[in-house]
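Residue numbers (our numbering), protein chains in the order written: chain A, 1 to 294; chain B, 1 to 250.
These are calculated hints, taken from the structure and not from any lab test. Even glycine gets a Cβ: it sits at the ideal position worked out from N, Cα and C. Be aware that a few hints might be false.
When the alpha-carbon atoms are kept at most 25 Å apart in a straight line, the in silico DSS-like pairs for lysine-lysine are as follows [to be verified]: (1) B:Lys198 to B:Lys186; (2) B:Lys198 to B:Lys230; (3) A:Lys249 to B:Lys230; (4) A:Lys249 to B:Lys104; (5) A:Lys275 to A:Lys249; (6) B:Lys104 to B:Lys80; (7) B:Lys230 to B:Lys186; (8) A:Lys275 to B:Lys198.
Examples of chain B residues toward chain A, derived with CB under 8 Å [to be verified]: (9) Gly75; (10) Lys104; (11) His138.
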Amino acid sequence: MVSRSLTESSGRALSASRAFPAFCVPKNFARSSVNSMRFPLPWASCLRWTMDCGSKTPMNNLASDTKNRGPEHPPASRGELTGFLMNMTANTGADSYMLVAIVHGEARNQARIVASNWQFDAIELIGRQLIATLAQGPWTASPGTLPAALTVSSAPDTDALINGEEARLLHVLGHAEVYSLALNVGRQRLFILFSSAQAGSIDLSTLARAQIECCYALSRTPHLIAGTATEDPLSDRERECLFWVSEGKTTDEVAVILGVSSNTVNSYITHAIQKFSASNRAMAIATAIRSGII
Amino acid sequence: MTRPALKDVDPGQPRATFGQVWPQGGSHGLTLADAVRRCRWMALDINADAFALLLAPPAQERARLVPCLDSDHPGIGFSKTIDADTEHVVQHVRSSTEPLWWSKAGDCASDTAPGSLSWVTRISPLVEDKAGIAFPVHAERNQCGLMVFAGDGISLSQDMLYDIHGRCFSLFAAVSRIRSDNPGLKRAMTRRELECLKLTANGYTSEEIARLLRLSVHTTNQYLTQSAQKLNAVSRTQAVAKALRLGLIE
């Protein structure tokens, strides 16, 4: 995960304790509230919003006075996204945020950091691999589910996704408690990590609200997150061909379906394979499905 | 994608996602009827008369919303009144999460109407003669849907908007789980078959897989043929595609 030398050198520098801290399981939630049939979400009846309802977020201030903000509303800039995320961080009681997209590499998933106020050192020391693990861990909450905390504490643990060194690093660098929230922006999926140096300072109900609001905000700024998910390099025809091949059609059948010659179909598919720098059809199709193109 | 199992989760600590709170389809009998009941509560909370969950098909099919369930469960009634042939709505659902709303033709938006809220976008009516609000929802494996509520008396606050949208998300996750849940298939596939499929998806040929897994080429091909049969696929390419879409491999 993290480069061993980095971890060890910093581990020595950061802490003399040999007791390996590790992260422990998500915080305890009242099971009764989870099981209650009607309002399973704790924030359903919770009025502890720290923000004014309505248009007090920076994004909304930007939106003109018209109540009818259609899709033609000009999306906010990068700075405004930062302001929005900082506002969200403050509202939830967190110290830091990190907006992460997961890029599917051949071997392992890599985190691509879209925006963050983490220290540069923290990112370098912890490494993108671990950040991807943090973002996509079993504690990650989809919209509409109860956010669960990853608390980096001192419970010794060897079997976990995050080892002792990494947990200690997180703790020392001020990410003792980390929440990972999945954001659905259309079909794109991003993750936002809210973390605080003090466990328990993040307000769960505000977090759940912030999660939905971040989805909205990012929906409105597609150009800022563009390129985070795998982009679609294919032409319409290439995509169509790949789709039909993924449905089990042979080249000749695709040619009949699309009304072109089978040589053309083959050339479309070859182009698609080249664009994905895949080694064969199966890989091109797998790549396309993994990135949501077909 | 499947998440790695957290081996050390204390069973006493609820890892509280709805997937775990809601019984997994089949064994505990979570049905569409339960989902419909949840929708009814939501409709009640925002004072809507009718609701419908529509699916936005994957990119290659026609841009058209397909009814999944609605307030006339077990039949499909209200969904038929929704103007499903709206490409811009489908495009919105695929690319954005912001709620959509519309008012009755010729009706000025009142204060309780969704128009006074932040983050909502006005569109032309999806349902004739009724105001309404629609929430785009997304689930694993690129599934998209639209949860539509209609009724002239719809009223909701900004907080309710977030709350309802969150509940729509978890509902859709559960519904798509019901729809795609196929525990029999998962059990039928052996570990070796899944390994071979995964390596095929990563671009390896049978020979390479055979070398990697220390099998003979014949065995590898045998595994791939078997997995294609189990997945009811005609070629190994289709088997890979199906396995990815069903979430058997990542």
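So, going through the hints one by one against the coordinates:
no., hint, result
1, B:Lys198 to B:Lys186, "14 Å, holds"
2, B:Lys198 to B:Lys230, "15 Å, holds"
3, A:Lys249 to B:Lys230, "18 Å, holds"
4, A:Lys249 to B:Lys104, "46 Å, violated"
5, A:Lys275 to A:Lys249, "21 Å, holds"
6, B:Lys104 to B:Lys80, "18 Å, holds"
7, B:Lys230 to B:Lys186, "10 Å, holds"
8, A:Lys275 to B:Lys198, "21 Å, holds"
9, Gly75, "25 Å, violated"
10, Lys104, "15 Å, violated"
11, His138, "4 Å, holds"
The structure shown violates the earlier hints numbered 4, 9 and 10.
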